[in-house]
Amino acid sequence: MADTQEPSNVIEEPFDLIRMSLDERVYVKMLNGRELRGKLFAYDQHLNMVLGDVEETITTVEIDEDTYEELFKSTKRSIQMLFVRGDGVILVSPPTRPGY
Amino acid sequence: HYYITNNLRMLFYSFFKSLVGKDVIVELKNDLSICGTLHSVDQFLNIKLTDISVSDSDKYPHMLSVKNCFIRGSVVRYCHIPAEEVDPALLMDATRKEAQQNKQSTGA
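First to last, the sequence lines map onto chains A and B. Residue 58 in my numbering sits at position 58 of the first sequence, and the numbers go up by one each step. Residue 23 in my numbering sits at position 23 of the second sequence, and the numbers go up by one each step.
Rather than coming from a laboratory, the hints here were simulated on the basis of the structure. Virtual Cβ for every residue (Gly too), placed ideally from N, Cα, C. One should not assume that every hint holds.
As the list claims (entries may be wrong) - From chain B, some residues computed to sit far from chain A (all C-beta separations above 10 Å):
no. : residue
1   : Arg9
2   : Phe15
3   : Asp51
4   : Val54
5   : Ser55
6   : Phe70
7   : Met92
8   : Glu98
As the list claims (entries may be wrong) - What follows is a list of derived Cβ distance ranges for each label pair:
no. : chain 1 : residue 1 : chain 2 : residue 2 : range
9   : A       : Pro14     : B       : Phe70     : 32 to 42 Å
10  : A       : Asp66     : B       : Glu85     : 46 to 56 Å
11  : A       : Met20     : B       : Lys59     : 39 to 49 Å
12  : B       : Glu85     : A       : Ser78     : 16 to 26 Å
13  : B       : Lys59     : A       : Thr59     : 19 to 29 Å
14  : A       : Asp53     : B       : Thr37     : 18 to 28 Å
15  : B       : His39     : A       : Leu71     : 41 to 51 Å
Between the sequences and the hints, there should be enough to build the whole structure, so can you do that?
Dropping the structure here:
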């Protein structure tokens, strides 16, 4: 049986960056104007994830027919524990708001 | 419940297997939300639910007579899971192991 390496703390590839975020709050940008903020508990190479204490924000842009003004609307909801399928994920990052 | 497997790429398959018998809500990419009991899951994360009801009011009445359903994994956006059925520490541990295994197998 091959020796298993100890997980290094050196970040070599993008997945290492995500590994550093386990048990931390992350920001996830998804398709269709959706964003998630939650605690990262699990992920795989497809970026399937399990997040806890999640807040989902859905942002839509409505355009006024006459003035062509852009009106941004967003709705939020909270979910305690969420499995997210990786094919909807655009990016994963530490939260962007300071002190979050 | 055990998430750790010797198989590569089976982390979430094992995760869902540990949730069989529990009530979940599957939210599809077409915005339909289906509440039901998790009956089974496969390696593609296809899901079988029993005793289903459609959430978000019956805006979708064409499912009224359906008791059980098979959902293709690729159409799932989210699964809402009962938090009390999840052990975060175990999950994170299994994730680290799988990430490590994946890294080795691709010779990174």
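Does the hinted range 18 to 28 Å hold for Asp53 of chain A and Thr37 of chain B at CB? Given range 18 to 28 Å: holds, Cβ gap about 24 Å.
Consistency of beta-carbon spacing, Lys59 of chain B to Met20 of chain A, with hint 39 to 49 Å: This hint holds: roughly 41 Å between Cβ atoms.
Classify the label on Asp51 of chain B as holds or violated, using whether its beta-carbon is more than 10 Å from each beta-carbon of chain A. holds (20 Å)
Range hint 32 to 42 Å (beta carbons of Pro14 of chain A and Phe70 of chain B) holds or violated: holds (34 Å)
Would you assess whether Met92 of chain B, listed as outside the interface, keeps its beta-carbon beyond 10 Å of every beta-carbon in chain A? At roughly 5 Å from the nearest Cβ of chain A, Met92 of chain B sits no farther out than 10 Å, so the non-interface label is violated.
Chain A versus Val54 of chain B - minimum CB to CB distance exceeding 10 Å, so not interface: holds (18 Å)
Closest CB of chain A to the CB of Ser55 of chain B still more than 10 Å away: holds (12 Å)
Going by Cβ atoms, does Phe70 of chain B stay more than 10 Å from chain A at every point? holds (16 Å)
Range agreement (Cβ of Thr59 of chain A with Cβ of Lys59 of chain B, hint 19 to 29 Å): holds (22 Å)
Between Asp66 of chain A and Glu85 of chain B, does the C-beta distance stay in 46 to 56 Å? holds (52 Å)
Verdict on Arg9 of chain B as a residue remote from chain A, using beta-carbon distances over 10 Å: violated (7 Å)
Distance restraint hint 16 to 26 Å, applied to the beta-carbon atoms of Glu85 of chain B and Ser78 of chain A: At 18 Å between Cβs, range holds.
This entry does not satisfy hints 1, 2, 7, 8, going by the numbered hints stated previously.
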